[in-house]
Amino acid sequence: MESQSKSSKDGASARGDVKMAERPPMAVRCPDLLLRALALALTLAAAVMVGVDKESKTVSVTISQSLTLHVRATAKWQYMSAFVYFLVSNAVACSYAAASLVYVTVAGAARSAKAALAINVLDTVMMGLLLSASGASAAIGVIAQHGNSHVQWNKVCHAFGSYCHQMAAAFTLCLVGSFAFLLLAVLYVMDLHKKAMSR
Numbered sequence: 001m002e003s004q005s006k007s008s009k010d011g012a013s014a015r016g017d018v019k020m021a022e023r024p025p026m027a028v029r030c031p032d033l034l035l036r037a038l039a040l041a042l043t044l045a046a047a048v049m050v051g052v053d054k055e056s057k058t059v060s061v062t063i064s065q066s067l068t069l070h071v072r073a074t075a076k077w078q079y080m081s082a083f084v085y086f087l088v089s090n091a092v093a094c095s096y097a098a099a100s101l102v103y104v105t106v107a108g109a110a111r112s113a114k115a116a117l118a119i120n121v122l123d124t125v126m127m128g129l130l131l132s133a134s135g136a137s138a139a140i141g142v143i144a145q146h147g148n149s150h151v152q153w154n155k156v157c158h159a160f161g162s163y164c165h166q167m168a169a170a171f172t173l174c175l176v177g178s179f180a181f182l183l184l185a186v187l188y189v190m191d192l193h194k195k196a197m198s199r
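Residue numbers (UniProt numbering): 1 to 199.
Treat the hints as calculated values from the structure; they're not laboratory data. Watch out, some of these pointers could steer you wrong.
With beta-carbon atoms standing in for the labels, derived distance ranges [what the hints assert, rightly or not]:
#	residue 1	residue 2	range
1	179	112	25 to 31 angstroms
2	149	125	36 to 42 angstroms
3	54	34	32 to 38 angstroms
We put the CB at the ideal spot given by N, CA and C, even for glycine.
All chains should be modelled from the sequences, with the hints used to inform the complete structure.
Here is the structure:
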């Protein structure tokens, strides 16, 4: 009788140990959650900064030595397809970061290997999307800053300084957000390596 109760206690404690072992330690999940939250915040900030970026100024246009026109001009993100792509890319990455953050928080380490692989592939896709959007907006930014004399494109950042500075800040946030997704992909590969070594 005593041995039965002892073995049942041992069995219960063993089952309790198994349950404790199945629960993911917070130290393992913490970098994943922090990087996803960081990517969410950065891409959201970049999208909002571009979305509200607008500047209007009166620009002097010299027609001839005796004729100068003063024209009211406005700079908006909608006027350049590269900036539209930039905004949409950050909005998509922000939405994905929010969804994946919720999923990783709820599922924890209990998610299947297929789900983990799918998340890793999507992390890599988001990184590529943000880098391509950053590259497109940087190319337009360089032309806006310096112009291009070969095709007669004038620089505009001397006139719309605030607009250009805000776009540059959004570009920086987007770039850091893409590196957060890169670190998530690296963490996944390191986790796979640890599992392979432990077998």
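Against the structure, the hints come out as follows:
Our hint of 25 to 31 angstroms for residue 179 and residue 112 holds, since their Cβ atoms are close to 27 angstroms apart. Residue 149 and residue 125 have their C-beta atoms about 38 angstroms apart, which keeps the hinted 36 to 42 angstroms range intact. Our hint of 32 to 38 angstroms for residue 54 and residue 34 holds, since their Cβ atoms are close to 33 angstroms apart.
This entry satisfies every hint, going by the numbered hints stated previously.
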